[in-house]
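Sequence lines, in order, name chains Y and G.
Mapping to my numbering: the first sequence position 138 is 138, numbers consecutive.
Mapping to my numbering: the second sequence position 23 is 23, numbers consecutive.
Take the hints with a grain of salt, since some may be wrong.
30 angstroms max Cα-Cα, derived DSSO-like pairs, lysine-lysine [stated by the list, open to error]:
id: 1; chain 1: Y; residue 1: Lys147; chain 2: Y; residue 2: Lys267
id: 2; chain 1: G; residue 1: Lys215; chain 2: Y; residue 2: Lys147
id: 3; chain 1: Y; residue 1: Lys147; chain 2: Y; residue 2: Lys186
id: 4; chain 1: G; residue 1: Lys202; chain 2: Y; residue 2: Lys147
id: 5; chain 1: Y; residue 1: Lys267; chain 2: Y; residue 2: Lys186
id: 6; chain 1: G; residue 1: Lys202; chain 2: G; residue 2: Lys170
Treat the hints as calculated values from the structure; they're not laboratory data.
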Amino acid sequence: MKNNKALKFLREYNVVVITALVFLAAVIIASPKFTKLSNLSNLAMSIGTYGILAIGLTFVFIVGGIDLSIGYQVAFCGTMLVIIANAIGLVPALIIVLLMGTAIGYLNGTIVTRLKIPPLIGTLAVMTALNGLVLLLSNNSGNLSIKDTMFGVSLPEFYRFQLFGVLSPSIIIALVLFVGFALFLKYTRSGSDMYVTGGNPEAGAFSGINNGRLTRIAYSICGLCSAICSFLLVSSLGASTYNMGDGLDITAICAVVIGGVKMQGGKGNMGMCLMGVATMQIINNAMIKMGLHGSMQSLVTGIVVILVLILDKLTSKKAVNE
Amino acid sequence: MNKKILTMLLVFSMLFTIVLSGCKNEGAADTNSTTAGGSEGAATELPENLHAAYAAVTTSLAPWPIALVNSMQEVFDENGWTLDVYDGEGSPATQTEQINSIISDGEVDLVILFPADSEVGVTYVQQLNAAGIPVITLGSDVTGDGQSGVVCYVGPNQEELVSYGANYIKDTFGTEEELNYVILSGWEAQYDYVLREAAVNKFFEGTPYNQLAVKYCGASRDTALEEMNNLLTAHDDIDFVFALSDEFALGAIQAIDQAGRSDEITVVSMEAFSEGISAVEEGTLAVTVLMRGDKVVEKLEEVLQALTTGGSIDGYEQNSELVEITIDNASAMEAEY
């Protein structure tokens with residue numbers, strides 16, 4: 001009986017428990033550097049920046065898809081942002097790039113829904129094309145530095161600015177998106193229908209749900225989030241670099257999976273997404289504080305992902321048996 | 001419902017911690033402002049028990065940075081200084097996180113920077129200066145905008161590095177005959193490659209040499225091989241290759257050999273790691289230039305000893321010695337890596 005209660009608790013609260021444990025481990029192992037208030041502020045900024053990417057990917061997962069091109073969407077949008085901003089100014093460039101990112105997402109959605117190409121293959125092809133474009137635009141390994149300013153300050157200064165000493169632009173933007181999209185998923189017809197599209201598309205079709213349209217919307221949101229993330233990354237670096245998207249797809253996928261969003265579709269929410277991103281960034285931050293090599297960070301992240309998946313499998317199995 | 005409450009509690013407790021960080025900024029410097037200039041505004045007096053951070057583009061992916069970090073650790077141990085090493089893994093994004101971490105820790109007296117990207121490195125220098133942390137660049141500098149914030153650059157003189165290969169070509173072929181050449185470079189964003197490329201152009205200005213192409217190979221011999229194959233296909237009149245690293249030279253030599261044009265094309269290079277010196281001994285590489293990591297670190301040690309004892313340094317560029325390697329002395333040279 002006690003075992004059943006414990007398993008039920010784990011099944012329902014697993015991602016919360018994992019995030020709490022990871023945070024606690026970081027506090028114990030990596031203190032006092034980790035718990036330094038300025039470090040927690042940096043941590044919040046990185047959660048905001050990468051959280052935006054994970055928000056977009058969550059939508060794709062909910063409708064049962066996957067998007068391997070998000071890393072290169074970020075790189076491409078970042079490169080285009082700098083090129084256009086240096087030509088006509090940052091604000092128009094930002095608008096254009098946000099539209100561009102959304103369009104790339106819509107393209108992914110169209111490839112998946114209208115051409116009926118499996119998401120893994122379709123987005124892989126888009127990823128390859130975007131990689132080529134980025135290398136071409138950045139002359140095969142260069143970078144492009146951005147000359148324009150935001151509200152009269154350089155972009156790196158803008159990125160590190162803190163409203164009321166707490167809220168940086170990445171946190172503010174992430175919070176707005178998080179709340180907005182959480183409300184969208186919970187309280188709008190399209191939002192709730194997305195779960196049906198991902199969880200049981202046949203039933204959705206019978207009920208008159210336009211699965212294709214909702215899938216394209218999900219991918220478009222993902223593209224938009226990639227474009228926003230690219231702006232923040234360019235801001236933090238003061239430039240776009242040809243490899244700025246490297247590994248971001250894996251980072252985002254791991255974050256979303258750790259958060260408990262199902263890759264099969266039909267399950268997930270912004271809270272889970274946030275937990276997953278927080279866990280990933282806490283691990284990353286603590287590893288840096290402990291002076292561990294990047295490969296060690298990847299190893300630890302991989303282990304956490306596997307543990308989460310095992311835990312989820314075990315608790316789901318027990319639920320079925322009950 | 002309970003799940004929501006628990007989740008909210010966890011989120012709010014984390015947010016509360018973060019809010020505290022904003023309210024009580026523990027003496028971490030205001031990184032929103034940019035100070036005017038490093039060598040004027042930042043401290044150039046360092047404590048005797050120096051604690052430095054070495055933020056490197058990589059400490060594992062390429063031989064030259066590996067040689068640097070190995071020597072640095074020894075020197076720091078000998079002098080009783082403390083060194084924290086951060087491996088940027090070739091990624092500006094990773095290095096940015098590490099710089100943020102160094103600033104938030106607030107423990108180091110100095111950052112020794114080998115930037116992953118020379119433009120982005122300017123941002124690092126500004127942030128570090130704003131946090132009151134002086135910067136010395138090592139091996140590769142930041143671009144011009146950021147140099148005013150750097151105490152000094154320690155490393156090889158890039159123009160001198162190129163001069164040996166350039167003079168070899170001029171002495172061997174003369175400056176009357178029209179020749180065609182290509183440049184194989186590394187990361188376009190890295191300032192040492194920018195300077196080397198500019199030096200090649202400078203040394204060949206006024207000569208009848210035609211530059212057919214510049215190709216960027218990152219840090220990869222395979223990329224250099226591929227690029228050279230493409231160049232050999234596109235041009236049947238290449239006379240020499242100016243490789244800005246032995247790594248690329250070796251890729252080029254392989255491609256030239258496969259194309260059966262080894263007798264037609266001369267390759268000159270620099271950096272002189274063991275395979276490069278062997279290639280010179282074999283006669284497949286005409287010139288390379290030894291830039292030893294331990295000599296660079298020796299120069300760094302001189303600089304740090306001056307700054308930790310109240311002394312001063314003379315000049316922005318603190319260059320290490322270079323040795324030209326040709327077939328005449330290759331067998332006597334020992335590579336560092």
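Evaluated hints:
1. Y:Lys147 / Y:Lys267: violated, 43 angstroms
2. G:Lys215 / Y:Lys147: holds, 26 angstroms
3. Y:Lys147 / Y:Lys186: Roughly 41 angstroms separates the two Cα atoms, so the pair is violated.
4. G:Lys202 / Y:Lys147: holds, 28 angstroms
5. Y:Lys267 / Y:Lys186: Holds, at about 12 angstroms.
6. G:Lys202 / G:Lys170: holds, 13 angstroms
Consistency note: the structure conflicts with the earlier hints numbered 1, 3.
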